[in-house]
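Enquirer: As given, the protein sequences belong to chains A and B, one line each in that order. Going by this note's numbering, the first sequence opens with residue 1, and the numbers climb by one from there. Going by this note's numbering, the second sequence opens with residue 1, and the numbers climb by one from there.
Read the hints as simulated data drawn from the structure, not as lab findings. Be aware that one or more of the hints could be misleading.
[Said to hold, decoys possible] No farther apart than 30 Å at their CA atoms in a straight line, the calculated lysine-lysine pairs in the DSSO-like style are these: (1) B:K43 to A:K39; (2) A:K107 to A:K45; (3) B:K43 to A:K31; (4) B:K64 to A:K31; (5) A:K107 to B:K43; (6) A:K39 to A:K107; (7) B:K64 to B:K43; (8) A:K42 to B:K43; (9) B:K13 to B:K43; (10) A:K42 to B:K75; (11) A:K45 to B:K64; (12) A:K45 to B:K75; (13) B:K75 to B:K64; (14) A:K45 to B:K43; (15) A:K42 to B:K64; (16) B:K75 to B:K13; (17) B:K13 to A:K42; (18) A:K31 to A:K42; (19) B:K64 to B:K13; (20) A:K107 to A:K42; (21) A:K45 to A:K31.
[Stated by the list, open to error] Partial pick of chain B residues on the chain A-facing surface, computed with a CB cut under 8 Å: (22) G44; (23) Y53; (24) P61; (25) P103; (26) G105; (27) G108; (28) G110.
Predicted model, so just to flag it, every value in this text is computed and none were measured. We put the CB at the ideal spot given by N, CA and C, even for glycine.
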Amino acid sequence: DIQLTQSPSSLSASVGDRVTITCQASQDINKFLNWFQQKPGKAPKLLIYDASNLDAGVPARFSGSGSGTHFTLTISSLQPEDFATYFCQQFDNLPITFGQGTRLDIK
Amino acid sequence: QVQLQESGPGLVKPSETLSLTCSVSGDSIRGYHWNWVRQSPGKGLEWLGYIYYSGSTSYNPSIKSRVTISVDTSKNQFSLSLVSVTASDTAVYFCVRGNRPTPGGYWGRGILVTVSS
Numbered sequence: 001d002i003q004l005t006q007s008p009s010s011l012s013a014s015v016g017d018r019v020t021i022t023c024q025a026s027q028d029i030n031k032f033l034n035w036f037q038q039k040p041g042k043a044p045k046l047l048i049y050d051a052s053n054l055d056a057g058v059p060a061r062f063s064g065s066g067s068g069t070h071f072t073l074t075i076s077s078l079q080p081e082d083f084a085t086y087f088c089q090q091f092d093n094l095p096i097t098f099g100q101g102t103r104l105d106i107k
Numbered sequence: 001q002v003q004l005q006e007s008g009p010g011l012v013k014p015s016e017t018l019s020l021t022c023s024v025s026g027d028s029i030r031g032y033h034w035n036w037v038r039q040s041p042g043k044g045l046e047w048l049g050y051i052y053y054s055g056s057t058s059y060n061p062s063i064k065s066r067v068t069i070s071v072d073t074s075k076n077q078f079s080l081s082l083v084s085v086t087a088s089d090t091a092v093y094f095c096v097r098g099n100r101p102t103p104g105g106y107w108g109r110g111i112l113v114t115v116s117s
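Chain B with its partners taken away, still in its complex shape:
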């Protein structure tokens, strides 16, 4: 059974970098697209970007200058880095598998990240 698990700090200071990792179990990371989606009360669901297992990426232009998604096939993990965070980056962050270039049927439980000093 495919499972995704987000990990990382739940509290990040303004102007610092938010870093999250998604660990995938039950299947190989190869062959799929791996997305990050966040959800905040003010903005609803927001797609941040995805990475194909080979390393090609696509990002939401709204955060493109601040975001990097990377993959480590040897560890069956992928990661999100978001620099220069502000309070508006406070949200629950989900990692999501896609059989195609879109979020699909496998989601992590989500991790709440709060940006506050």
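So that you can see chain A by itself, here it is in the shape it has in the complex:
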């Protein structure tokens, strides 16, 4: 199975900050990577697909980049509604796997 390692595991930041979360794959997954946001008690929400494409309705302050084994999710200016847990997920190889998550808290 392809392992996805996110860093950091948790992060404290303030409204207006620029934040970057990293996802490292255990082998080359091309650009077959999605990013999800999850709030407590809710289902994950798709933010980014194919490493860098913004899903419909997702604010432009979110962006994704990377290919191969190294990927990043950046939030350019944190808003109060962005405090949540973020997951990366690969679909290059079966089984589909998820990162362990990055919890983003208010500082």
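Chain A is already provided as a structure; the job is to place chain B on it using the hints.
Expert: Just chain B now, kept in the frame of chain A:
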């Protein structure tokens, strides 16, 4: 607006079968991949498998011997069956639509299934 809704028992006894159904509204089940994903505190998010509307399936090898996903296009539903459950199968189970063979932008709210006697 596409909506997915999981249904089924919230409590299953050890060694018995977990059966869930996902009802899809707002769009046809045809043309998409339909996934089951679960989330437990100990294991995070785990993809269980998907079915294409035509019936072809792919399962996670970690549970392949115990899982079956089926689709009923006439009812716009798909289902999950997991046999011989143990406490480690306790989780919130989500059904998810994918435009491609991967979970995508439409998720059900999730259903908590507890395995306990």
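Enquirer: With reference to the structure, classify each hint as holding or not holding.
Expert: Evaluation of the provided hints:
1. B:K43 to A:K39: Between B:K43 and A:K39 the Cα gap is close to 17 Å, so the pair holds against 30 Å.
2. A:K107 to A:K45: Status holds; Cα separation ~23 Å.
3. B:K43 to A:K31: Given pair B:K43, A:K31 holds - Cα atoms ~25 Å apart, limit 30 Å.
4. B:K64 to A:K31: Holds, at about 27 Å.
5. A:K107 to B:K43: With a Cα-Cα distance of about 27 Å, the restraint between A:K107 and B:K43 holds, given a limit of 30 Å.
6. A:K39 to A:K107: 17 Å, holds
7. B:K64 to B:K43: Cα-Cα ~17 Å, so holds.
8. A:K42 to B:K43: 17 Å, holds
9. B:K13 to B:K43: It holds: about 20 Å lies between the C-alpha atoms, which stays within 30 Å.
10. A:K42 to B:K75: 26 Å, holds
11. A:K45 to B:K64: 26 Å, holds
12. A:K45 to B:K75: 26 Å, holds
13. B:K75 to B:K64: 25 Å, holds
14. A:K45 to B:K43: 19 Å, holds
15. A:K42 to B:K64: 27 Å, holds
16. B:K75 to B:K13: 28 Å, holds
17. B:K13 to A:K42: The hint holds at about 26 Å.
18. A:K31 to A:K42: 27 Å, holds
19. B:K64 to B:K13: Measuring from Cα to Cα gives roughly 20 Å; hence the hint holds.
20. A:K107 to A:K42: 22 Å, holds
21. A:K45 to A:K31: Distance of about 19 Å is within 30 Å: holds.
22. G44: B:G44 check passes; min Cβ-Cβ to chain A is 5 Å, inside 8 Å.
23. Y53: Violated. Min distance 18 Å.
24. P61: 6 Å, holds
25. P103: 7 Å, holds
26. G105: 4 Å, holds
27. G108: Status holds, d = 7 Å.
28. G110: 6 Å, holds
Consistency with the previously given hints fails for number 23 only.
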